[in-house]
Amino acid sequence: MLELRAVTAGYDPKAPVVRNASLAVAPGEAVGLLGPSGCGKSTLARVAALLHRPDSGTLLLDGTPVRRWRHRAPREQRTAVGVVFQQPRLSADPRLRLTDLIAEPLRATGRREEAPGRVAELAAAVGLTPDLLGRRPHEVSDGQLQRACLARALVLRPRWLVCDEMTAMLDASTTAALVAVVEEYRAATGAGLLAVGHDHTLLRRWCDRTAHWEDVTGGTP
Amino acid sequence: MTEPTPVLSVRGLSVRFLMPGGRRVAAVTDVHFDVAPGECLALIGESGCGKSVLASALLGLLPANAQSAGEARLGDLDLISADERTLSRKVRGRLIGLVPQSPAAHLTPVRTIRSQTEETVAALAGIRGRAAVRDAARAAAERAAFPAGHLDRHPHELSGGLAQRAATALALVGDAPLLLADEPTTGLDRDLVDRTVDELRRHVDTADGTGRGLLMITHDLAAAERIADRVAVMYAGRIVELADAASFFGSPGPRHPYGRGLLRALPDRAFTPIPGLPPELGALPEGCAFAPRCDRATDACAALPPVTGGVACHHPVPGSDVRAAEDVHA
Ligand code: SF4
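First to last, the protein sequences are chains A and B.
Residue numbers for the first sequence follow the numbering used here, beginning at 1 and rising by one.
Residue numbers for the second sequence follow the numbering used here, beginning at 222 and rising by one.
Excised from the complex, chain A in its bound form:
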C-alpha cells in the first residue's frame, strides 16, 4: 500500500495548501486524484513521492512510515517511488543528454553499469530514437522530453508511480502514448499508480478508480 494518512502540508505552516488529506493506493491499483488547479493536489503528489515533508500526518510505503524526505530518505524508500511532473523543462537538467537524464537515478544509486541496457530498453518503450537520446533538452520537443522524463521515472523499477499532470501540456497522441507506456510497465511489474490531474475524461479512462480532492481532504479543516 501507498498510504497518505491525514496529511497537512504546504509552504507556510500557518496556511497549509493541503489539509488533512487521506488516500490509499493498493499494489497494482491505479488511482486518479481529480481536483481543480491550485487546490494543492500537486503538493500532495510531492508528499507521496517523498519530495515534500508534510507538516503533519503520515505517508506509509508498504506499511513502513516515511520519516525522512528527499535525499535524506532511505534508499529503499526513495527508489520505490517514481515520479513524473507536468513540466518536463522544469524537472530535467538542461545540461544532460537524454540518455544521461534517463540514467541519472542509476548513477545516483551506484548502479551505473546497468545504464546502457536499461536506457536502451526504456528508450524503445517510450519511443525515443538513438538520435534523440544524444540530444539535450533544448534540442527536443516537450513531448520528446516528457518521454525521457517518464523513462527516468521507470529506470529503477519503482513499485509506485506518481504522475502529476504528466500529460497536461501534451497533444492527444503523445498523451495516449505515454499512458500506454505506464500501463505496460504496470502490467509487467504490478506497480501501483497515483495519477493526479484535472482532466476527468482522461483519469476516468486511465485509472481503476478516481477520487475527488474534496473527498480526499474530507472537508475537515
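Each hint should be verified, as a subset may be incorrect.
[To be verified] If you want the footprint, here are the derived chain A segments under chain B, 3+ residues with CB under 8 Å:
1) 32 to 44
2) 173 to 181
3) 195 to 202
[Unchecked claim] Stretch-level coverage of chain A by chain B, calculated; a stretch enters the list once three of its residues show a Cβ under 8 Å from a Cβ in chain B:
4) 137 to 145
5) 163 to 170
It should be emphasised that the hints constitute simulated quantities derived from the structure, not laboratory data.
Glycine included, C-beta positions come from ideal geometry on N, C-alpha and C.
Given chain A, work out where chain B with the ligand should sit, using these hints.
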C-alpha cells in the same frame, strides 16, 4: 451567396530556419488558408508541427535566422513583407489582437491590470483625458468579463481564468479584425477551458455577421471542437487537412489518416496513440511526411501528395465511408 472577403488570407506561406552549419529547418511549408469574418479556424497538431512558428510569422515575431516566403493578406497589407515599423505600429494590437498562451507571463507583473488596460486603451483606441481613459478601461475589462473589482490587482494576484480574461481584454482593445489565440487554454481546468473558448467565440459572433475572425492555435482537441467552424490540421509544417469542424469531429470524420489518428487518441475515443514520432523538420522525407506512421501508406506515398478537396493524401478516407473503413480496421 457570395463569400465574404476573408479577414486573413494566407497563400503559399513557408518559413525556413537557417541553422549553424548551413542546415535548413522547414518549419512551415506552402500553407494556404483563409479566415472569414465571424469565423473561427482552429489550427491543430502536435507540438513542434510548426503551428507556433506560423503564428509568429503572422505577427512578424520570427527570430533573425528565419526566412519566410509567400503572402498573408490582412486587408490590403501583406504581413509577410511588412517592415517592423508597420508591424509594431499597425499590426500588433490594431489589426491582430493576440490572446497569449500564458497570460501571466504576457501581462506586466509589476503593474495593475487597470494601469495596463488604461495604457492600452490610450495607445490603441486613441482615447484622451483621464476620466475618458478610466471609463474606457473599465468598459474594456467588462467586455472580456473581467470583474471591475479586480482591476487594481497585479497579475500574480489573479487566478488563471481571470488572468486569461485580462489578457483577452487587452487583445480586444484595438478592435482588431483578427484575433490570434495561441494555445489559450493550456494548463486551464476543463470548465475554465470551456468558459475561455465560449468567451472567445462571443467576441467572434456578431449579429450582423461582420465580426472579427479568430485563428486559434491549439493542441486541445476538445477546445477546438467546442469553438471552431473549420479545422486546419498541421503535420510536419504543412496543412494536411482543412475541413468543416462538424464533419471533422462528427460524421464523416477526418479524411487524412493523421487527423483520424489524432481523434482516435482521445481518451473518450479509442485512446490509442499514433505509432512513432513526428519527423524532424530539419530532415523531412521526400514524399508524404506521415508515411512512416501511416497504416494506409503505399508506394505512391513516396511522392508528395497534392492537396485535393482540402486533403493532402494519396489515399484519404472516403468522405462517406469512414465508418465502414473503421470497421475494417477494427
Ligand atoms: S499520402 Fe500515403 S502515407 Fe501520407 S497520409 Fe496519405 S496514405 Fe498515409
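The hints, checked one at a time:
no. : hint       : in the structure
1   : 32 to 44   : holds (count 3)
2   : 173 to 181 : holds (count 7)
3   : 195 to 202 : holds (count 5)
4   : 137 to 145 : holds (count 4)
5   : 163 to 170 : holds (count 3)
In terms of the numbered hints stated before, the structure departs from none.
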